[in-house]
Amino acid sequence: MVVPGSVLGLLLPLVLWADRSAGIGFRFASYIDNYMVLQKEPAGAVIWGFGMPGATVTVTLCQGQETIMRKVTSVKAHSNTWMVVLDPMKPGGPFEVMAQQTLGRMNSTLRVHDVLFGDVWLCSGQSNMQMTVSQIFNATRELSNTAAYQSVRILSVSLVQSEQELQDLAALDLQWSEPTSENLGHGNFTYMSAVCWLFGRYLYDTLQYPIGLISSSWGGTPIEAWSSGRSLKACGVPKEGFIPYDSVTGPREHSVLWNAMIHPLRNMTLKGVIWYQGESNVNYNRNLYNCMFPALIDDWRQTFHHGSQGQTKRFFPFGFVQISSEKSTNTSDDGFPQIRWHQTADFGYVPNQKMPNTFMAVAMDLCDRDSPFGSIHPRDKQTVAYRLHLGARAVAYGEKKLTFQGPLPEKIELLAHKGLLNLTYYQQIQVQRQDNKIFEISCCSDHHCKWLPAPMDTFSTQTLTLNIDSCHETVVALRYAWTTWPCEYKQCPLYYPSSILPAPPFIAFITDQVPGHQSNVAK
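Residues 222 to 744, numbered by our numbering, are exactly what the sequence shown covers, in order.
If you are wondering where the hints come from, they were derived from the structure by calculation, not from laboratory data.
Note that the coordinates shown come from a computational prediction; the quantities given were computed from them, not determined experimentally.
Mixed in with the good hints there might be a few duds.
Claimed, not checked - SDA-like, lysine to any residue: derived pairs with alpha carbons at most 25 angstroms apart: (1) K632 with R535; (2) K632 with N657; (3) K621 with Y717; (4) K658 with Y647; (5) K534 with Q429.
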């Protein structure tokens with residue numbers, strides 16, 4: 222996935238970084254600025270920066286003429302950094318944050334204004350996260366819809382890579398800002414993520430308090446670039462390997478984006494993360510993705526928890542988009558479904574025991590064969606963000622009885638004497654259309670197996686029967702939507718009755734051939 226302007230992202234930050242480092246040597250961290258959102262209660266927001274070793278730093282939170290709180294710390298000699306944790310604050314604002322450095326007779330003061338307290342979400346991944354509002358369906362209408370969302374603040378990290386972990390961001394494409402049509406639609410794949418913005422907007426509609434959104438993504442990048450060396454080592458990822466240039470067009474070296482675009486944010490107190498990546502691993506270390514992705518999640522959680530002095534929850538909510546579809550003759554038809562499966566650590570659903578406190582938006586039915594940015598970049602980011610925000614409401618905000626994932630089978634019952642498989646689902650199902658090919662059975666004889674279609678037969682509110690007459694031997698497995706392009710736009714066969722949530726893809730093995738045997742799938 223080619224991203225315009227990615228080369229400039231390597232050069233520009235060097236100039237800005239040199240400018241910001243000059244002068245008095247007392248400053249806030251790069252992303253602490255006017256219009257920012259700090260994490261609300263029950264956590265305490267972290268304010269930090271750089272100063273002169275041995276100096277005293279006093280941080281004051283004010284509202285109008287009233288001093289809300291004051292925190293005092295000193296600059297550490299080995300790192301030239303200072304840090305305070307504010308007392309937990311209710312959502313709202315605006316506030317002013319003032320930092321004063323004192324060393325002998327020298328005094329320096331920094332101020333940032335129009336600061337809000339709310340929930341802070343980090344958005345990361347590759348080009349489907351990087352796509353801007355100007356690239357999506359109904360872009361003109363979406364770009365004009367900002368007036369009601371001035372408390373949803375946005376920040377965009379510049380495209381930078383590094384061989385070492387950076388202490389602070391080298392540069393920002395967009396400093397903390399109120400949303401405008403200009404900064405939301407600033408060209409293709411630049412500035413603010415559409416999925417990130419729409420996700421925050423949906424959250425604001427529900428929560429009605431400030432939301433801070435940080436976009437840190439780079440198109441054409443594999444998960445290895447976003448992972449620390451620790452997490453890659455834990456998964457046995459080889460340091461050298463063949464990387465296909467058609468799918469990995471951005472930085473590919475291990476950890477270079479973790480080092481430059483994620484690690485510098487570690488001191489920030491976060492509510493959670495959303496992630497949209499996986500296409501660049503369809504043909505690169507695909508079989509390790511079921512380890513690399515859960516390892517990335519756990520490593521990011523540890524790093525942000527420690528970096529924020531324990532203020533970011535150890536198991537903060539982590540949402541992700543299960544990759545969509547692509548019309549291409551170059552991709553193995555098994556690659557996309559395998560990555561989708563590996564994104565769930567091979568469970569088919571989340572949260573699960575390897576991926577606690579996670580949520581997923583299924584996107585395989587949001588295909589876009591006519592996308593001017595290539596079919597791998599579908600333009601319906603509104604539905605993606607809406608499905609993500611349902612997961613956030615259920616997992617991150619604890620809304621009970623809110624369904625955020627489509628139906629999966631609870632059990633599979635083999636009725637071999639009738640030539641049928643009977644599927645019982647956890648949830649109600651809506652059969653939007655009959656499909657003769659989207660379900661497949663593995664039919665085996667003498668250690669030779671082949672996948673055959675299992676046409677949909679009868680159905681009720683929670684059961685579905687498949688015809689397996691095509692297999693005259695032994696049925697050993699069943700899979701659903703196991704192809705790169707399972708259906709046309711919002712036309713997959715099975716949905717939750719609201720029609721918003723498609724049934725996720727799955728593969729299940731049938732371990733016994735006794736008639737009437739039940740095979741558990743999702744659990």
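Hints, verified against the model:
1. As the CA atoms of K632 and R535 are separated by approximately 34 angstroms, the hinted pair breaks the 25 angstroms bound.
2. Taken as a hint, the K632 and N657 pair is honoured in the structure, with Cα atoms around 21 angstroms apart against an allowance of 25 angstroms.
3. A hinted pair counts as satisfied when its Cα atoms are at most 25 angstroms apart, and K621 with Y717 qualifies at roughly 17 angstroms.
4. Our distance criterion of 25 angstroms between C-alpha atoms is met by K658 and Y647, whose separation comes to about 23 angstroms.
5. Distance restraint check for K534 and Q429: the Cα-Cα separation of roughly 22 angstroms lies within the 25 angstroms cut-off, and the hinted pair is therefore satisfied.
Hint 1 from the list above is the single one not met by this structure.
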